[in-house]
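Participant: Protein sequences appear in the order of chains A and B. Positions 1 to 174 (the numbering used here) are the ones given, in order, by the first sequence. Positions 175 to 282 (the numbering used here) are the ones given, in order, by the second sequence.
Honestly, the hints are just simulated from the structure, not real lab data. Each residue gets a CB set at the ideal place from its N, CA and C atoms; glycine is no exception. Hints should not be assumed to be uniformly reliable.
To be verified - Calculated cross-link-like contacts (lysine-lysine; reagent style DSS-like; alpha-carbon spacing at most 27 Å):
(1) A:K48 <-> B:K210
(2) B:K210 <-> A:K82
(3) B:K221 <-> A:K157
(4) A:K82 <-> A:K157
To be verified - Cβ-Cβ distance ranges computed for the label pairs, FRET-style:
(5) A:E144 <-> B:K259: 46 to 56 Å
(6) A:T28 <-> B:K210: 47 to 57 Å
(7) A:T28 <-> B:G223: 52 to 62 Å
(8) B:K231 <-> A:E58: 24 to 34 Å
(9) A:K48 <-> B:Q200: 45 to 55 Å
(10) B:P249 <-> A:E89: 39 to 49 Å
(11) B:K275 <-> A:E52: 11 to 21 Å
(12) B:L256 <-> A:G171: 34 to 44 Å
(13) B:Q200 <-> A:E136: 38 to 48 Å
(14) A:V106 <-> B:K259: 16 to 26 Å
(15) B:G223 <-> A:K149: 42 to 52 Å
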Amino acid sequence: MFTRSTVAVATLLLMGAAPLAQAADKPTDPQIAHIAYTAGVIDVEAAKLAIEKSRNKEVVDFANDMVRDHEAVNVQALDLVKKLKVTPEDNATSQALSKAAADERVKLAKLDGAAFDKAYVDNEVAYHKQVNGALETVLIPSAENAELKSLLETGLKIFQGHQQHAEHVAGMLK
Amino acid sequence: MRTALPVPKRCLWIALALTIVAAPVQAETIEVTIDKLVFSPASIEAKVGDTIEWVNKDAFAHTATVKGGWEVMIPPKASASLTLKTAEAVDYFCRFHPNMKGRLVVWP
Ligand SMILES: [Cu+2]
Numbered sequence: 001m002f003t004r005s006t007v008a009v010a011t012l013l014l015m016g017a018a019p020l021a022q023a024a025d026k027p028t029d030p031q032i033a034h035i036a037y038t039a040g041v042i043d044v045e046a047a048k049l050a051i052e053k054s055r056n057k058e059v060v061d062f063a064n065d066m067v068r069d070h071e072a073v074n075v076q077a078l079d080l081v082k083k084l085k086v087t088p089e090d091n092a093t094s095q096a097l098s099k100a101a102a103d104e105r106v107k108l109a110k111l112d113g114a115a116f117d118k119a120y121v122d123n124e125v126a127y128h129k130q131v132n133g134a135l136e137t138v139l140i141p142s143a144e145n146a147e148l149k150s151l152l153e154t155g156l157k158i159f160q161g162h163q164q165h166a167e168h169v170a171g172m173l174k
Numbered sequence: 175m176r177t178a179l180p181v182p183k184r185c186l187w188i189a190l191a192l193t194i195v196a197a198p199v200q201a202e203t204i205e206v207t208i209d210k211l212v213f214s215p216a217s218i219e220a221k222v223g224d225t226i227e228w229v230n231k232d233a234f235a236h237t238a239t240v241k242g243g244w245e246v247m248i249p250p251k252a253s254a255s256l257t258l259k260t261a262e263a264v265d266y267f268c269r270f271h272p273n274m275k276g277r278l279v280v281w282p
């Protein structure tokens with residue numbers, strides 16, 4: 001079950017704003033793998049919606065880049081968990097991410113044309129910023145396994161790149 | 175036991191002379207590796223006629239893009255190259271990941 005306070009705690013964790021909660025609820029490697037994978041799946045799903053709905057070439061190109069990169073990261077993540085014999089474990093942060101993404105999808109599904117493009121790209125900027133914060137402050141420092149840490153670090157560079165790319169596309173939509 | 179083989183001095187001089195003569199004529203291929211979203215070396219110098227070869231070790235596609243100029247697409251786990259035709263000093267970046275940056279100076 002999902003309570004309001006779980007979301008609040010998970011959100012705080014994600015934003016890196018709760019150092020005490022972090023120390024107490026430091027995610028384990030199986031949880032980190034689950035969070036990172038979920039974060040990628042969410043962005044792929046949002047991108048697929050954009051490819052379907054948008055008529056703007058810049059937006060569609062950007063969405064295609066997101067699908068390609070996040071699927072590639074997730075293939076690497078799955079290969080790694082298989083190699084390490086780790087089973088990704090569902091957790092409050094993954095659930096909070098999925099819940100927020102589902103809400104966002106409902107919002108985006110109602111929009112069309114320029115309004116959709118702007119909402120999608122603005123959300124991409126915000127989402128990548130949020131995930132980057134979580135990677136930098138919680139996930140990377142908490143990862144025990146060196147290979148997992150290294151994959152997360154590459155993931156952070158990819159996500160930072162996407163954030164800049166999204167900001168660039170957002171600038172073009174204005 | 176190691177015995178030093180005496181190399182005639184004349185041979186060395188010939189080899190050296192050949193290198194010096196051959197260098198300016200031959201166009202070079204300069205390799206830039208991409209690993210974990212980093213161009214290395216990040217900054218390179220070349221001459222017109224040289225070829226830059228980007229070797230992408232990542233599972234992600236990248237580009238080498240000059241704003242308002244050329245662009246080279248570099249597929250995942252593959253290489254792509256560009257033969258330099260003009261003398262210029264340019265900053266380039268990856269269009270997909272603009273946090274990836276490189277610099278290229280091409281001498282005439
Ligand atoms: Cu790139």
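Participant: Which of the numbered hints are not met once you compare them with the structure shown?
Facilitator: Hints 3, 6, 10, 11, 12 and 14 contradicted; others consistent.
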